[in-house]
Amino acid sequence: DAGVIQSPRHEVTEMGQEVTLRCKPISGHNSLFWYRQTMMRGLELLIYFNNNVPIDDSGMPEDRFSAKMPNASFSTLKIQPSEPRDSAVYFCASSLVGGNNYGYTFGSGTRLTVV
Amino acid sequence: GNSVTQMEGPVTLSEEAFLTINCTYTATGYPSLFWYVQYPGEGLQLLLKATKADDKGSNKGFEATYRKETTSFHLEKGSVQVSDSAVYFCALISGAQKLVFGQGTRLTINP
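Order-wise, the sequence lines are chains A and B. In terms of the numbering used here, the first sequence is residues 1 to 115. In terms of the numbering used here, the second sequence is residues 1001 to 1111.
The set of hints was computed from the structure by calculation and includes no laboratory data. Backbone N, C-alpha and C define an ideal beta-carbon position, used for all residues, glycine too.
Some residues of chain B that are not near chain A, with every Cβ distance over 12 Å (derived):
1. E1016
2. L1019
3. T1024
4. D1054
5. S1058
6. G1061
7. F1062
8. E1063
9. K1068
10. H1074
11. E1076
12. S1083
13. D1084
14. S1085
15. T1108
Output of the computed footprint for chain A on chain B, the stretches with three or more beta carbons under 8 Å from beta carbons of chain A:
16. 1042-1052
17. 1086-1095
Given these sequences and hints, build the entire structure.
Put into structure tokens, the structure is as follows:
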């Protein structure tokens, strides 16, 4: 298995532009998580899906952020419009919830810079 | 609710020193416990895990024992290497709930 695949690895965009981050979870996993990591706030859970359905989006900072999971093999996190304070590393992770609690598998992340 | 508390970093050691990173938790039910490691520029990787009391997780020379009586899961390594420099996260999951992370501890090993 190739693991959790995120794209792009790096994204530089101008303030006000729309940004879309992509994630392909591990085949067979039924839960997907989006995290944001910054030096100031550490690792923050933004939203998670179970069986493609959003379960908890309380970590999404504001309406500019949205996430979708149209099928079991793909998810997007969109920021529109982007702002400099959105600069961070965004991680996607997947898991088999209800299994033997083996934890999450993380992707390599997308480093977003908004200038 | 569930929570994880790690010793604050950063931690700086010399090569071949003994390492302990403390982790304590609060949880309902019977959680599974994890240590994740994040090397510079990479995502988090599962380092080791323990799913029930008194279990010992181990990997790459690191060990942690699930202590229910003290609600702890301290990470140890007998002789650290420069390549162990990374950020270490303690975490737990209980039932079908989401994984809860500690704040992370940055470890730097000097040659």
